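Novice: Here is how the chains run, residue by residue.
There are 2 protein chains.
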Amino acid sequence: MYTIGIDLGGTNLRIGLFNEQGEIIEEHSRPTEAEKGPEYAVNNMTEVIDKLKTQYEIKAVGIGSPGPLNAFEGVIIEPPNLPGWVNIPLVNMLEEKIGLPVKLENDANAAALAEATLGAGKGASSVFFVTVSTGVGGGYVNNGQLVSGAQGNCGEIGNMIVNPDPNAYQGPGLNKGALEGLASGTAIGRIGQERLGITNGAQGVFQLAEQGDKAAQEILDEAINYLAIGLANIVHTVNPEVIVIGGGVMKSKDLILEPLIEKTKQYLYPSLRESFILKPALLDQKAGLIGAGLLPK
Amino acid sequence: MYTIGIDLGGTNLRIGLFNEQGEIIEEHSRPTEAEKGPEYAVNNMTEVIDKLKTQYEIKAVGIGSPGPLNAFEGVIIEPPNLPGWVNIPLVNMLEEKIGLPVKLENDANAAALAEATLGAGKGASSVFFVTVSTGVGGGYVNNGQLVSGAQGNCGEIGNMIVNPDPNAYQGPGLNKGALEGLASGTAIGRIGQERLGITNGAQGVFQLAEQGDKAAQEILDEAINYLAIGLANIVHTVNPEVIVIGGGVMKSKDLILEPLIEKTKQYLYPSLRESFILKPALLDQKAGLIGAGLLPK
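Residue numbers (my numbering), protein chains in the order written: chain A, 324 to 620; chain B, 324 to 620.
Heads up, the list lumps identical chains together, so a pair's fine if it works in one copy or across two of them.
With a straight-line cut-off of 30 Å between C-alpha atoms, the simulated DSS-like cross-links for lysine-lysine are:
id, residue 1, residue 2
1, LYS426, LYS445
2, LYS586, LYS499
3, LYS499, LYS588
4, LYS588, LYS602
5, LYS537, LYS499
6, LYS602, LYS499
No wet-lab data here; the hints were simulated from the structure. Since the structure is predicted, the reported quantities are computational estimates derived from the model, not experimental observations.
Construct the complete structure from the given sequences, taking the supplied hints into account.
Specialist: What follows is the structure, encoded as C-alpha cells:
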C-alpha cells in the first residue's frame, strides 16, 4: 500500500508517491500557477494521481498547504501565498475527482511530522519543529502523533508575543511584538534596510555579519535573542525532548545555531539546561512533501 | 479495583481512596510536618494505606507533590514548600513500604489531569490548566492523557518570558520578565506594597480595586495583561480546546475572568477569537487530590 503526498506551494505543486516506510518512490513537480485558480491545480493533481493509480495501490492522499486553513473541514481559507484562493474546499474537490480519502494540513505541521518521523527528531518522544524563513511557524509532534490543536492552529508561534512594549514592531496580521515580526527573515531584512540601507533582505545582513560588521551582528543578536525567548517559552510550555529548527534563515546556521542554543539555555530553568536539545532540520525543502505523504497514516 | 491519591502539600498530607470513576470514597488528612523529614511522611502514608488495603483491592497509588521533582525517577528534588527535602526517592521509599506501584507528578500536573477529566475541561479534546496563586503553574492534557514533557516540565509557564525589558522584575529562581514574577498573587501583593503601601498581599489590592481605587485597578490591569499574553502564547503554541484557570487569585474571579478573556482575545489571531474558551476551575482545593487518584490510570 502506498500514499501520495502533495506539497502545494505558492510556486510549485510537488507530488510524491511514498511507500509504507515513508520513502519517496516517484516525484512529480509542476508550476502551481495559483492565479489560474484551485480547479486548475486540482486538475493537475488529478492527472498525476490517476496515472499513479494505474500502477500502484494507493491508500490515501495528504496535502500540505500554506495557511490559514481549516484542517478539519479540509478548507483553504485565504493564504497570502495562494492569492485569490478564498474558502476553497480543497479536500472535497480532490476527493470527488480521485475517489480516495484526502487529508489537509498546513505546511509547517506537515514539515513537523516529517522531521519528527524521519528527520532530525527521529526517535524522540516529542518534537517541536520551528521554521524561520519569510515567516515564523512550527508544529508539534507528541508520541509520534501530530498535534493539530482544537482549531488546527497548534504551532502558530509566529504570533507569540515576545515583546509587549507598546512601541514594538507590529507586522501585518500579527500581534505587536510578535516573534515573526521581530525574528523572521523578513524582519531581519527589514531592520537591515532601516539601519544599514541594505536592500537584499536577510541575506545582506548575514553577509555583512560574516564580514565582521558590528551593526549587522547586532541585528542578528537581537533576532537570536527573540528566537531564544520563543524557544524557551516553548520548552516551559510543553517541554519537548527535541526542538528542530529549519527554514531559509537556517541556511546561515553557522551564524545562528550555537548562539541560539546558548541564549535559550540562559532562559531555561537551570535543571533544563543540560537536557535542552536544538537540532537543525535535516529534510530541508523535502520536509513539506514527505510530511504530506505521512499525513494519511 | 481502587486507586489511592495523595496530595502532598507543604501543610497537609491528604490521602483519598478513589473508585474507577474517580470518585472519592474515603478521605484522610494529617499535617505534613515536613520538618520531620520524608521518612515521617512516608510512615504516615503507609499507615493509612495499610489500613485501606485491608478493606479494598488497591491497584496503585498516585502522588501529587510540589516541584521541582523528577516524575520519571520518582524523586523529589528540592521544593521550596518542603524545606529540607533534597533529592528524596519518594516513589521507591513508598513502594518498598506498601508493595504497590506508585506514580509521582507535580501538583499542577495532577490538578490539570483532574480538571481535564472531571472538572471544567471535562469532554474537551485538549485542556491547558493554568493556576495563579503564590506562583503561576500549569499542566497540559491532550486526548485525555497528561503530557508530562521530556523532563516532566510541561506546563511550567511561570517561567515564560512575557516582558524582555532589561528593567523587568526578576523573581527568585525565575527569568527576568517571567509571567510568575509579574502576574502571580505574590507579584500583585508585591506591587501593591511598592505602590500603595499595602501589607496584606494580593487580597489588599483586590479589596481596594473593588472599592473603585484606580491605582489598585491599574495593578490588576497590568497583571491581567501579562496573564493574557501568557494565555495567548499558550493558544498559539498548542491551541488547546479549553484553558481552565484556577488558583487562589481566581477567588476574585469577578474582577479577573471577563477582562482576561477580552484581553486574551485581542492577542489571538482573529480566526481564533470566537473559539477561545477560558473556564474557571471547578475542583478548587480538591483538584490536586483527585488528580493524584487519577495518575495511576
